[in-house]
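> The primary structure of each chain is shown beneath.
Number of protein chains: 2
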Amino acid sequence: MSISMHSASAPVFVRMFSNLLVWLDKAQAHAEVRKFDANNFVGLRLAPDMLPFARQIQIASDAAKGCMARLAGVEAPKWDDNEATLADLRARVQKTIDYVKSFSAAQIDGSEGREITIPMRSGEPLKFDGEAYLKHYATPNFYFHSTTAYALLRHAGVEIGKGDFLGGR
Amino acid sequence: MSISMHSASAPVFVRMFSNLLVWLDKAQAHAEVRKFDANNFVGLRLAPDMLPFARQIQIASDAAKGCMARLAGVEAPKWDDNEATLADLRARVQKTIDYVKSFSAAQIDGSEGREITIPMRSGEPLKFDGEAYLKHYATPNFYFHSTTAYALLRHAGVEIGKGDFLGGR
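Protein sequences, first through last, are from chains A and B.
When you line the first sequence up against the numbering used here, it's residues 159 to 327, in that order.
When you line the second sequence up against the numbering used here, it's residues 159 to 327, in that order.
Source of the hints: derived by calculation from the structure; they are not laboratory data.
Some clues are possibly wrong.
The list treats identical chains as interchangeable, and a pair is accepted whether it falls inside one copy or across any two copies.
[Claimed, not checked] List time: in silico BS3-like cross-link candidates among lysine-lysine, alpha-carbon distance up to 25 Å:
#1 Lys320 / Lys236
#2 Lys320 / Lys285
#3 Lys236 / Lys193
#4 Lys236 / Lys184
#5 Lys223 / Lys193
#6 Lys285 / Lys193
#7 Lys285 / Lys253
#8 Lys193 / Lys253
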């Protein structure tokens, strides 16, 4: 017994992004109670030299999308990073969930040893086998940006807690 | 082919906590350049009703420790959460790495179907099989607190970047 590559990837991305949709609901509700434009969340940053909320979600989306495509050995679709509203971000998250779900287990399973090459903006590309890529690059990158999106909302006063992060209750 | 439960857990925790030791080095160096007490990081919070830096590391430590113990079916040691300095936190992170490494693959592999029960402070305990516990509870909880620790340092001006988060370069 062990974990298949599909089981270690697709449900992890789908669950966390489904949780993210709940955080967006709570951000929207928070803005309505406090009577500010919910789209003000889109540009929030934890520090002036950190990426804004929308980019955190876009990069988490790309991490999940790119992971599924690379493990399956197909070309990932290119999505414009033009989300400007909370509704746009919700649609991006849902589109990502749908894309992840579009892969069958058979397309992903057996990709443990697949050679994965990630081009870098500068320097040598990163090379992994499929298992190391999933465990040490795609998954932590996905959680990094999902958690930073959560932290931004939490920092901004949205009433979300660990249960909303982990979901499934 | 597939991922073993040991391979999906131990190296993930060890790698991220090894990365965290580098962030602590950079936090220490930042404090020395700016001439403030590096232990000031220990109590930092992203919001007044969020847990401080030390607790983020303690909970990430407990997530890794508890995961290994539960998957192996042994009792986790209880560690006092009394870290008060950056050096204490470094020791806690190293102790966690050593504890995770103390498990053999044979102790963890085959735990996919093991029944895991997490007592909750209020309400019904959470129940998972080993695979769901690892993927949907222990791992996201570990990354949640590790990322929040990173975000706190980053927010406080420490010069760390994505490469320090992902490590291994």
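> Within, between, both or neither: how does the pair Lys285, Lys253 come out at a Cα-Cα threshold of 25 Å?
neither (28 Å within a copy, 30 Å between copies)
> When no copy is specified for Lys223 and Lys193, does a C-alpha distance of 25 Å or less occur within a copy, between copies, both, or neither?
neither (35 Å within a copy, 44 Å between copies)
> 25 Å Cα cut-off: does Lys236 pair with Lys184 within a copy, between copies, both or neither?
neither (29 Å within a copy, 36 Å between copies)
> Quick one: Lys193 to Lys253, C-alpha cut-off 25 Å, is that within a copy, between copies, both, or neither?
Classified as neither: same-chain Cα gap 29 Å, cross-chain 48 Å, threshold 25 Å.
> Treating 25 Å as the Cα threshold, decide for Lys236 and Lys193: within, between, both or neither.
Answer is neither; intra-copy 36 Å and inter-copy 46 Å both fail.
> Go through the copies and call it for Lys320 and Lys285: within, between, both or neither, with a Cα cutoff of 25 Å.
Only across copies: Lys320 and Lys285 sit 17 Å apart there, 34 Å inside one copy, limit 25 Å.
> At 25 Å max between alpha carbons, let me know whether Lys320 reaches Lys236 within a copy, between copies, both or neither.
Answer is between: at 22 Å across copies they meet the 25 Å cutoff, but 32 Å inside does not.
> As a check of your reading, is Lys285 near Lys193 (CA-CA no more than 25 Å) within one copy, between copies, both or neither?
Answer is neither: 48 Å inside a copy and 40 Å across each miss the 25 Å cutoff.
Checked against the numbered hints given earlier, this structure breaks hints 3, 4, 5, 6, 7, 8; the rest are met.
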